[in-house]
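Novice: Okay, here's what each chain looks like letter by letter:
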Amino acid sequence: MRRLAHHDPRGVLRLVTAITTEHPRTRRGTELILLVLAVGLVLLAYADVALVMDGRLPTDLLPMGAGFGVIVLAFHLVLRWKAAYADPMLLPIATVLNGLGLVMIHRLDIAAGDDIGQGAAVRQLMWSALAVIMAIALFFVLPDHRRLRRYTFTFALAGIVLLMMPLLPVLGKNINGNRIWIGLGPFSFQPSEIAKILLIVFFASYLVQTRDALSLVGKRFLGLPLPRARDLGPILVAWLASLAVLVFESDLGTSLLFFGVFVGMLYVATERRSWIVIGLGLFLVGCYTAYLLFAHFRSRVVLWQDPFTPGYSDQLAKGLMGMASGGLFGTGLGAGHPEFTYFANSDFIIASFGEELGLVGLMAIILLYALLVERGLRTALAARDGFGKLLATGLAFSLALQCFVVIGGVTRVIPLTGLTTPFLAAGGSSLLANWVVVSILLRISDQARRPLNETPPSLGSDETQAVKMVKTR
Amino acid sequence: MNTPIRRLGLVVAAMFCALLLASTMIQFVQAKALNDKPGNRRTMLASYAKERGSIIVDGRAVADSQPSNDDYKWQRRYNQGPLYAAATGYFSFIYGTSGVERGYNAYLSGSSDKLFYRRLTDILTGKTPQGASVDLTIKAKVQQVATQALGKQKGAVVALDPKTGAILALVTSPSYDPNLLAGHDMTKVQNNWNALLKDPDNPLVNRTIGGNLYPPGSTFKLVTTAAALQSGKYQPDSELPGPATMKLPGTSNTYLPTDDNRPCGPGDKTSLTRALAVSCNTAYASLGLDLGGNALRDQASKFGFGMDLSIPMSVTPSTFPSELNQPQLAQSAIGQYDVRVTPLQVAMMSAGIANGGKVMRPYLVQTVRDKNLDVISTTDPSTFSQAVSSDVASQLRDMMVGVVDNGTGTNARIPGIQVAGKTGTAEHGKGKIQHVWFTGFAPANDPKVAVAVIVENGGTAGQEASGASVAAPIAKKVMEAVVSP
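These protein sequence lines are chains W and C, in that order.
Take the first sequence: its letter number 33 is residue 32 in numbering that gives the first Met the number 0, and every next letter is one higher.
Take the second sequence: its letter number 62 is residue 61 in numbering that gives the first Met the number 0, and every next letter is one higher.
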């Protein structure tokens, strides 16, 4: 199909038209039902927390519910208007995760005895509103995701600058041993979250241009087609950049996320497994180096093997004991003690949910993430342009990797590293970034599912442009 | 590009499966082990919210839970705390649990699997769940007598029923009051804990089963005698050299003296029976040299040396050194050099001899009952080891009767009852006053109690103290408390 597209794009168009004779449904009705369920579930959780912890219904249940409902409904209406064919699952999943995260953060504020007006939940609520507004705004400024390709190298530069920003002397802040924050007055911001999106856009754009060179040329070694030495350049650059993040910001999680997403996208772009082998090799070298160089990474490995090692941090152990106390069905929201674990509302929010909602609730949350990623990958499969495919893949895979790294760290699949739990964890930058990710995925999925006669005319011409570029090489 | 996207989808699926599997491991498979981790605050808090079962001695609660008006709902109370601390241990929010509170926590807190159906019924019938109560084997009278007899002296007393292994008294001195650690005022509890830790006498150490182990001194001669009789080369009337001093082989001028610096018998000769009765160091040193280190070590381990035990508290294994040269062997044969024991181990030696050579496994908890007083579990006596043959055991018994009748142990005599025993005086460092021991059992023909008594640094008698003068009278009182009506 791909090769066909390069020689005769119109042939493909005819083919697709032939398959999709049936007019696809927009599925906005499904989305609305799911959204009502999502909002209802979150409000139920909010009421439950108040009933358990204060013994009465929250006084602001109605205004809270109304506000929450209005924001979500606004998003839904914008989708009806601007992206009627967008995937119907993405928005409800993001909504329910964000909402449950808010409830848990609020519940932990109460446990900490914080003034509710000053607590982490209020900040998170403001960030949520801001993030959703940004996500909605994206539909107005970005009618077509391929416009992002115009800024390929601007994004690359901006991404790298953002990534390195915490290293700047005045701006950068060192919080809990990781130098991944910048301070702007009273706010701290984690620029790597935004850099993540910018760099994925750049990767997608870059790989779509160079994938033929990367995939077609080269020798075979042990049955594995190997790329040319000079084509190794980009992966080495990505690797070195990840290592730099690791070394200078001691942020293993971000480093792993960037490199993993890059290797994943490289593999999808080139369809060559050798990239995965090379990438994994470089990754293992990086890990081993980090193990030798950094005491704090070694201590993470020690705790991974035995979280109860005396003389080390007992955070992981406390998280595990919390999850264990939840058992199959959990203590119930507000009835456990997630506050015993440090960072129970951010890094360890998964353990907090495991404790209060039980294995059943935790599995539901993990499956929601899996579903979110699956919808992203399905969008990638259905996308009609290479850039859209790669972008959707990159964004979906980054969500998957982020979940794996952070939840896997808490549940001892891998050593614990710092990454935020998408949508759930307290933290504005992460929330903002993840809503933008969902927004872009919605945008791509709309174009993927939209019938061709409704497609904006730019689609065909853009594809031709790509063909031209390949030919002129 | 769709094929690699699908393959990437499989990778993603594998990643999420790993997360689901790991969560299941933590919250289902390992949940119980994690909840039972010592110092797990959530488990502690949960157990505070429920009425914890009582710990009972002779039908009266020595530890129970009283309703309290604070967040914790129940306050643990130790009636006569210091008297039973060695057995009950403490139940502290900050510092976790020890003793039976720890060993039987699953029952006391009501979380044991064996209580599952009772819990379920409680939930269905809307009753407040409650922990099970635990009956100790300790006899209040014996425990009190032993505690009073030891008084303010540092040391320990263990009394066993030799036929079952049931622990009748478990006394460590100085003791502490577990109420100090069970309070809900965390600052107070912290201060109390720190004060107990700082106390140079280490009241938190249970001297009966652990801590810095003691050299057994002459009580170890029971093991040496057992090894000699077991070897078949010796009989109670076998003749042994018993000079006033003896040059240790392999040394140029190290001499081992008898306790009174006099020969143990006419012509520097003595019999094995007499050697035990007067605790003749020179006779036992040459006996040990003849038997060899392996024979002594084997005999010691048959009595329990080097073995793991939990009663349910884990008992520090007593040790007999693994590599010995000749002078070290001679000293080990009389319980010096690096031989180290717990008082419980010494009591097990006497109990084994009393019970026809069969050492019973010691235990502290007799029965566990739910709140309706139905028995949930009960400890059946079990054999720990056959330390010596029954013939050798009865020879040893007769020899130990000789110690009390006309040897060093006369202070342990009980009118009208035949008592078997052995004294000990153990050096534990140059210039330090010796620890004094007594171990034995009574009545010799139908043993009901076996004891071990140690008084550190001679107790109040100080320099003048010996096992005969200080430890034997304490042991006598403890045995009397069991055998006299």
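Hints may be right or wrong, so weigh each one.
Stated by the list, open to error - Simulated coverage check for chain W against chain C, where a stretch passes if three residues somewhere in it have a Cβ under 8 Å from a Cβ of chain C:
1. 54-61
2. 137-146
3. 192-202
4. 367-381
As the list claims (entries may be wrong) - Per label pair, the in silico range of CB-to-CB distance:
5. C/Asp445 <-> W/Pro309: 43 to 53 Å
6. C/Pro256 <-> W/Val300: 52 to 62 Å
7. C/Tyr254 <-> W/Gly310: 21 to 31 Å
8. C/Met24 <-> W/Leu40: 23 to 33 Å
9. C/Tyr71 <-> W/Leu327: 51 to 61 Å
10. C/Ala13 <-> W/Asp113: 33 to 43 Å
11. W/Gln304 <-> C/Ile375: 45 to 55 Å
12. C/Ile375 <-> W/Tyr341: 30 to 40 Å
13. C/Gln189 <-> W/Thr153: 54 to 64 Å
14. W/Pro309 <-> C/Tyr71: 36 to 46 Å
What the hints assert, rightly or not - On the chain W side, residues computed to face chain C include the following (Cβ under 8 Å):
15. Val35
16. Gly325
17. Thr410
Everything labelled a hint here was simulated from the structure, so no lab data went into it.
Nothing here was measured: the structure is a model prediction, and the numbers come from that model.
We treat Cβ as the ideally placed atom computed from N, Cα and C, and that holds for glycine.
Novice: Determine for every hint whether it applies to the structure shown.
Specialist: Consistency of the hints with the structure:
1. Check result for the region 54-61 of chain W against chain C: violated, 0 residues qualifying (beta carbon to beta carbon below 8 Å, three or more required).
2. Counting residues of the region 137-146 of chain W whose CB falls under 8 Å from any CB of chain C gives 0; the rule of at least 3 is not met.
3. Interface restraint, the region 192-202 of chain W with chain C: violated (0 residues with C-beta to C-beta distance below 8 Å; minimum three).
4. Coverage of a stretch by a chain is defined here by at least three residues with a beta carbon nearer than 8 Å to that chain's beta carbons; for the region 367-381 of chain W and chain C the count is 7, and the condition holds.
5. Here the CB-CB span from aspartate 445 of chain C to proline 309 of chain W is close to 50 Å, well matched to the stated 43 to 53 Å.
6. Distance hint for proline 256 of chain C and valine 300 of chain W: a CB-CB separation of about 59 Å, consistent with the stated range 52 to 62 Å.
7. Judged by the Cβ atoms, the range 21 to 31 Å given for tyrosine 254 of chain C and glycine 310 of chain W is violated: they are separated by roughly 49 Å.
8. Checked against the hint of 23 to 33 Å, the C-beta distance between methionine 24 of chain C and leucine 40 of chain W comes to roughly 27 Å, which is consistent with it.
9. As the Cβ distance of tyrosine 71 of chain C to leucine 327 of chain W is approximately 26 Å, the hint placing it in 51 to 61 Å is violated.
10. Taking the beta carbon of each, alanine 13 of chain C and aspartate 113 of chain W are about 40 Å apart, inside 33 to 43 Å as hinted.
11. Between glutamine 304 of chain W and isoleucine 375 of chain C the CB atoms are about 37 Å apart, so this pair departs from the stated range of 45 to 55 Å.
12. Taking the beta carbon of each, isoleucine 375 of chain C and tyrosine 341 of chain W are about 39 Å apart, inside 30 to 40 Å as hinted.
13. A hinted range of 54 to 64 Å for the beta carbons of glutamine 189 of chain C and threonine 153 of chain W is consistent with their spacing of about 59 Å.
14. Roughly 27 Å separates the CB atoms of proline 309 of chain W and tyrosine 71 of chain C, a value that falls outside the hinted 36 to 46 Å.
15. For valine 35 of chain W, the suggested interface contact is broken, since its CB lies about 27 Å from the closest CB of chain C, more than 8 Å.
16. Satisfaction of the interface hint for glycine 325 of chain W is found here, the shortest Cβ-Cβ separation to chain C being roughly 6 Å, below the 8 Å cut-off.
17. The interface hint given for threonine 410 of chain W holds, since its Cβ lies 4 Å from the closest Cβ of chain C, which is under the 8 Å cut-off.
Of the hints listed earlier, those the structure fails to meet are numbers 1, 2, 3, 7, 9, 11, 14 and 15, in rising order.
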